[in-house]
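S.K.: Sequence:
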Amino acid sequence: MSTAVVEQIRERLQQALDPSVLEVLDEGYKHAGHANEGKGHFHVRVVSAAFAGQLSIKRHRLVYAALQGLMDNGIHALSIDAKAPGE
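FYI, my numbering numbers position 13 of the sequence shown as 13, with every residue one higher than the one before it.
Read the hints as simulated data drawn from the structure, not as lab findings. Model, not experiment: these values are computed from the prediction. No residue lacks a Cβ here, since even glycine has one placed at the ideal position from N, Cα and C. All clues stand as given, with none of them false.
Label-pair distances were calculated between CB atoms; the ranges are: (1) Gln-68 with Thr-3: 19 to 25 Å; (2) Ala-49 with Arg-10: 16 to 22 Å; (3) Glu-87 with Ala-4: 28 to 34 Å; (4) Asp-72 with Ser-20: 25 to 31 Å; (5) Leu-22 with Ala-77: 17 to 23 Å; (6) Gln-54 with Thr-3: 29 to 35 Å; (7) Ala-52 with Ala-4: 28 to 34 Å; (8) Ala-49 with Asp-72: 25 to 31 Å.
Could you put the whole structure together from the sequences, leaning on the hints where they help?
M.R.: Below is the structure:
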């Protein structure tokens, strides 16, 4: 399931933020045996011009907005590294 979720994350962020850099890592192996079976732990690194001049909280909100629906059905935990080009 996590491979499908990784691809969905990648597609949604690509469409919403047109990033110059996009990395999506499945970190579920770090959480083996934890509650919320069936939902994954992921890390995203996104570099996008959409983040220029935005505070970190706004950048995170843009990422969460792009992933709406997945946060309820496929993602248990998400760590975000969101930067503007040149940062």
